[in-house]
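There are 2 protein chains.
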Amino acid sequence: MSERRSEVKKASLSLVERKQLAARNRIVEAADALFAERGFDNVSVTDIAERAEVGRTTFFRHFGDKTEVVFAKEQAMYDAITDATSVVLAPTQSLDSLAGALSALEPLVVRLCEQATADLAAYERHTLLLDANEELRARDALKNQYIAKELEKVLLKHNAPPAVATMAAQLALACYASGHSLAATPGDLVAETRAAFRSTLAMSSAAAEA
Amino acid sequence: MSERRSEVKKASLSLVERKQLAARNRIVEAADALFAERGFDNVSVTDIAERAEVGRTTFFRHFGDKTEVVFAKEQAMYDAITDATSVVLAPTQSLDSLAGALSALEPLVVRLCEQATADLAAYERHTLLLDANEELRARDALKNQYIAKELEKVLLKHNAPPAVATMAAQLALACYASGHSLAATPGDLVAETRAAFRSTLAMSSAAAEA
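Residue numbers (numbering that gives the first Met the number 0), protein chains in the order written: chain Z, 0 to 209; chain S, 0 to 209.
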């Protein structure tokens with residue numbers, strides 16, 4: 000019965016929302032192309048709506064402003080974290096220790112990096128856009144903090160101690176930021192982020208050797 | 000001779016710049032009070048200039064916009080990192096390992112926290128302002144990334160390997176962010192940040208025990 004209902008829901012969604020989703024995708028693609036052509040500051044919402052062949056009203060149904068379009072993909076990834084929780088954290092993983100909790104977050108963060116760089120050209124355009132615009136970098140830095148908050152919630156949901164959850168989430172973000180900074184090309188993001196987790200988790204033993 | 004010259008410079012500065020500094024301080028104090036009274040969005044540059052008894056021209060000589068005033072103190076702290084480099088990192092500290100580099104940054108970050116919370120009431124007002132305004136939180140997140148970049152430069156200047164410098168700076172920022180998040184009151188920021196460094200540096204041994 001509940002399966003039946005969800006099929007009905009899916010079908011009814013597809014009628015109305017398929018068009019909305021198509022419009023949304025056209026907006027994202029149009030904005031992406033226009034920003035790359037003219038630079039973020041030289042593109043208006045009207046320009047984006049025109050290129051996407053939608054009205055301004057439709058634009059504002061999907062996005063609050065043109066900055067939000069830049070982070071449309073991040074938003075989707077961010078939403079995905081909350082959904083994918085139980086899949087990613089193995090139930091046998093001990094989350095009581097900081098190292099355990101950080102290890103548990105690694106596959107989640109790596110998957111985010113994989114998703115972000117699945118389309119390398121798009122990722123590179125996104126990076127160039129941010130490099131050229133301080134306001135977008137600020138927004139990006141804040142989005143990363145929101146992602147850390149989501150990671151923290153995932154750990155808390157799995158009964159990690161609160162201080163461990165907070166710290167592991169911030170360290171996971173630091174590993175991502177390091178990976179991002181150390182990646183020579185977008186294609187290296189995943190490997191560098193993994194390496195940053197490895198180095199962080201191996202830290203104290205390395206210090207003992209020194 | 001060079002000492003003499005710096006004395007002359009200091010004397011000449013004090014004539015012109017003392018007034019400028021006084022004006023700058025009045026602007027910061029006026030903005031601080033007005034933001035607390037009315038909220039960030041309901042205060043204009045004209046309001047701030049009037050309260051500070053300076054012209055708008057003087058305001059814009061010191062700050063690009065009203066957002067910059069919010070981070071005036073952070074900017075000073077940020078400048079202080081570069082100056083204080085040699086004082087803070089003991090030359091005997093090994094910066095080749097991640098743990099060594101992270102330990103070396105701890106006193107620097109703790110000192111920043113001490114400076115930030117030296118005036119607890121002002122720090123609390125600053126925090127409330129950020130809590131109420133997403134744009135300011137974005138700017139704050141970006142400032143923290145700039146501070147991480149400065150910490151990285153400090154390590155590089157002391158010949159830490161580049162990857163170690165990048166990672167240690169990001170982990171140090173994570174420790175600060177954790178301390179900030181875990182501090183029940185502004186007065187706890189320093190202790191919680193220290194504790195975050197301790198936990199991070201002790202991480203792997205804790206995992207080995209588990």
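One or more hints might be untrue.
No copy is singled out in the list; a pair is fine if it fits within one copy or between any two copies.
Here are the computed lysine-lysine pairs in the DSSO-like style, where the Cα-Cα straight-line distance is at most 30 Å [unchecked claim]:
| hint | residue 1 | residue 2 |
| --- | --- | --- |
| 1 | K65 | K156 |
| 2 | K148 | K18 |
| 3 | K152 | K18 |
| 4 | K18 | K156 |
| 5 | K18 | K65 |
| 6 | K142 | K72 |
| 7 | K65 | K142 |
| 8 | K18 | K72 |
| 9 | K142 | K18 |
Derived by calculation from the structure, the hints in this document are not laboratory data.
Keep in mind that this is a model prediction, so the values were computed, not measured.
The hints, checked one at a time:
1. K65 <-> K156: For K65 and K156, neither the intra-copy (34 Å) nor the inter-copy (40 Å) Cα distance is at most 30 Å.
2. K148 <-> K18: Neither. Shortest intra-copy (33 Å) and inter-copy (44 Å) distances fail the 30 Å Cα cut-off.
3. K152 <-> K18: Cα proximity of K152 and K18: none, with 33 Å in one copy and 50 Å across.
4. K18 <-> K156: Neither: 36 Å inside a copy, 56 Å across copies.
5. K18 <-> K65: within (21 Å within a copy, 42 Å between copies)
6. K142 <-> K72: Answer is both; intra-copy 11 Å and inter-copy 24 Å each pass.
7. K65 <-> K142: both (16 Å within a copy, 23 Å between copies)
8. K18 <-> K72: within (19 Å within a copy, 50 Å between copies)
9. K142 <-> K18: The answer is within: 28 Å in one copy meets 30 Å, while 40 Å across copies does not.
Checked against the numbered hints listed earlier, the structure breaks hints 1, 2, 3, 4; every other hint is satisfied.
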